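There are 2 protein chains.
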Amino acid sequence: MKTPKSFRLHIGLFGRRNVGKSSLLNALTQQEVSIVSEIAGTTTDPVEKPMELLPLGPVLFIDTAGIDDVGALGEKRIQKTVGVFDRTDLGVIVSSSQEWGEFEEQILQQLQEREVPVIIVLNKADLQTAKSCMLNSFSVSQLPVVETSVVTNQGISKLRQTILKSAPDDFINRPSIVADLVGPGEAAILVVPIDKEAPKGRLILPQVQSIRDLLDGDSFCMVVKERELREALSRFNKPPKLVVTDSQAFLKVAADTPPDIPLTSFSILFARHQGDLTEMVRGAMAIDQLKAGDRVLIAEACSHHPIGEDIGTVKIPRWLTQYVGGQLQFDHARGRDFPANVADYKLIIHCGACMWNRREMLSRLIKARQVGVPLTNYGLTIAYSLGIFERALQPFPAALEVYKELQAIK
Amino acid sequence: MKTPKSFRLHIGLFGRRNVGKSSLLNALTQQEVSIVSEIAGTTTDPVEKPMELLPLGPVLFIDTAGIDDVGALGEKRIQKTVGVFDRTDLGVIVSSSQEWGEFEEQILQQLQEREVPVIIVLNKADLQTAKSCMLNSFSVSQLPVVETSVVTNQGISKLRQTILKSAPDDFINRPSIVADLVGPGEAAILVVPIDKEAPKGRLILPQVQSIRDLLDGDSFCMVVKERELREALSRFNKPPKLVVTDSQAFLKVAADTPPDIPLTSFSILFARHQGDLTEMVRGAMAIDQLKAGDRVLIAEACSHHPIGEDIGTVKIPRWLTQYVGGQLQFDHARGRDFPANVADYKLIIHCGACMWNRREMLSRLIKARQVGVPLTNYGLTIAYSLGIFERALQPFPAALEVYKELQAIK
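Just so you know, the sequences run in chain order A and B. Using the numbering used here, you'd call the opening residue of the first sequence number 1 and step up by one each time. Using the numbering used here, you'd call the opening residue of the second sequence number 1 and step up by one each time.
Since the hints were derived computationally from the structure, they do not count as laboratory data. The model shown is predicted, which means the values in this text are computed figures rather than measured ones. One or more of the hints may lead you astray.
One copy or any two copies: either way a pair holds, since identical chains are not told apart in the list.
The calculated lysine-lysine pairs, modelled on DSS-like cross-linking and capped at a C-alpha distance of 27 Å, are [what the hints assert, rightly or not]: (1) 225 with 200; (2) 158 with 238; (3) 367 with 315; (4) 346 with 315; (5) 291 with 158; (6) 200 with 165; (7) 404 with 252; (8) 49 with 200; (9) 291 with 241; (10) 200 with 241.
Please build the complete structure, drawing on both the sequences and the hints.
Right, dumping it as structure tokens:
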């Protein structure tokens with residue numbers, strides 16, 4: 001809860017008192033974090049509720065409870081709440097399908113004038129017949145509409161997904177790539193193998209982004225192939241703070257890096273930067289539960305990526321088969337072509353998704369969590385299969401703790 | 001002449017004996033390098049002439065002198081010379097405009113069947129009236145045609161330009177970027193300032209290419225901002241072989257780098273890799289000849305490049321004006337928009353052209369040389385203006401020697 005208010009996505013929650021906004025808000029967040037602070041206000045003042053809305057991160061719900069007691073927004077009332085409209089990054093208009101009227105239309109107009117993205121929630125879906133009668137006749141037909149019920153829990157996960165999708169890019173907060181693990185004025189070593197599949201004359205994106213992130217953090221880095229790592233290490237008169245390697249060279253790099261120097265992989269950095277490292281650590285540990293005949297989905301963000309394809313289509317299936325000691329059923333998803341329902345899989349293994357924004361990766365994490373399917377990524381899978389998982393997590397105390405807890409109860 | 005034959009562009013020179021092939025060949029190369037070896041052959045065997053054809057580099061002319069003594073190529077003769085067609089990377093058919101006939105047509109057909117690029121040379125242009133009568137009636141209308149005369153020297157420079165343009169990409173030999181200056185198992189430091197104009201989350205192309213080139217050469221490198229350079233240098237227990245900096249941080253980096261460590265800039269690396277460093281060193285030294293009122297062309301490969309634009313439109317004009325102590329007339333060329341005739345300029349200052357292939361940069365060098373206008377690049381100009389030219393050239397003995405010679409005769 002240390003996140004400053006200015007960095008939180010401000011979600012304005014609008015709707016009449018009887019539509020169930022408060023219980024909806026609780027349903028939306030109860031799995032994650034309870035409300036920890038509530039700024040007191042008069043009945044006519046909006047109430048601000050800072051929350052952690054996973055996987056999006058810190059948000060600020062602005063509950064406009066005090067302005068929903070009359071049918072229409074009078075001029076005076078609009079004056080009073082104009083501040084809410086102005087600081088709303090994302091508007092959620094909660095209604096029940098029989099009650100969309102001038103009040104909701106005026107709110108929508110205020111938000112659209114400010115080019116604020118809007119989500120329509122039709123709550124109490126368990127009590128309604130159909131939304132179609134109302135949706136066709138209003139200006140909301142182009143907006144995302146989610147039917148929810150806090151009684152049946154219908155649509156709650158979809159609403160979270162929709163909030164994630166609709167949030168402005170700036171608020172899809174990315175954790176740091178690597179600089180926070182190294183620190184200003186300190187050195188990292190980046191191990192970049194050059195195999196025959198590496199694009200000529202270039203570095204791949206996660207490598208470039210890591211170098212740049214270190215420079216932005218006033219750190220510096222040695223870039224070296226795995227074969228020259230020992231030589232490069234021998235040039236330092238003070239050990240570097242971190243060694244990051246391509247997952248494919250993990251074993252050699254682990255062998256050549258003194259145990260007192262923290263070591264991880266680009267892929268694990270990107271599990272944190274692009275997704276949710278803790279969640280993906282849990283995912284990797286689900287490898288232990290796999291048994292012959294289980295279905296595994298291997299998902300790749302890029303449609304064409306020779307290195308990734310080799311890992312995804314050849315190496316990981318081989319390792320997992322050896323690990324499980326029996327045949328698994330592998331499906332492959334490429335690019336945007338991700339199955340709508342992933343409930344049939346026992347595990348999803350994703351690439352680092354370095355070309356995507358975080359929103360997209362988080363969106364897949366939600367889909368998987370929704371049906372209780374563990375999701376992890378290539379690098380974590382490789383580290384786990386190779387038995388160097390604990391070492392690779394050392395730079396990330398929270399994820400390491402989750403790993404140790406899960407190990408303890410196994 | 002140490003370049004192995006297989007790395008040379010094989011230029012097949014075809015034409016009847018009376019068209020003046022030999023004198024054309026001499027004219028083409030006499031400014032540069034004389035013929036150093038001639039493999040003896042019988043009169044019916046083709047003669048191979050390895051040469052240095054600047055700025056293209058090492059080529060091998062195959063003079064088919066022995067097959068030009070009859071009007072048409074008989075079946076037996078084709079068998080004998082099929083080897084020449086097969087190993088020709090670029091075909092030059094020399095004719096004089098009254099003599100294009102079945103002989104030339106058959107050669108053309110042989111080359112085109114092999115998808116070999118072809119240049120038509122109409123030699124003895126001083127003796128002819130016009131080429132149009134012949135060009136319209138034959139299959140050559142889509143091919144590059146150059147009219148030449150070794151008497152008046154007409155077209156010789158254009159022919160060199162056309163050979164450069166027509167040569168397959170593989171033969172536009174690029175000198176190394178940086179790895180040869182560092183060596184296997186050795187370290188370089190790359191200084192990468194991050195200013196507000198640097199693209200977010202990325203490194204610019206010459207930086208990425210330099211890192212990759214070092215990895216390809218089994219070297220490794222420290223990547224650091226100029227502010228952390230001292231700290232990074234202090235981490236080495238053995239000095240790095242080379243420091244490369246962005247030209248904009250040249251003075252600070254020169255001050256922070258011990259004098260025994262060679263220092264240069266990305267821009268100077270790219271003068272060599274993309275163009276001709278020696279030629280561009282001569283170009284930079286022409287700054288001393290500039291006087292108030294002179295016209296200077298500043299050329300940029302990219303149409304939109306905020307950093308480059310700032311250098312090209314603001315910084316370099318300011319430095320040069322200060323250096324000359326009077327107003328200069330600056331013109332700016334962007335992208336492909338390069339003046340056809342640059343004879344009016346006293347100096348051309350080009351960007352590093354990191355996005356281009358070498359052919360394009362060399363092509364501009366030829367244009368400039370043709371009319372006797374010196375050409376240099378941003379980084380060399382900056383180094384010269386800042387008075388650190390000699391230090392920045394230390395890693396390049398040939399260029400340094402040219403500099404010292406020119407200094408001596410000033």
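### Task
Against the structure, test the hints numbered earlier, and report the numbers of the ones violated in rising order.
2, 5, 8 and 9
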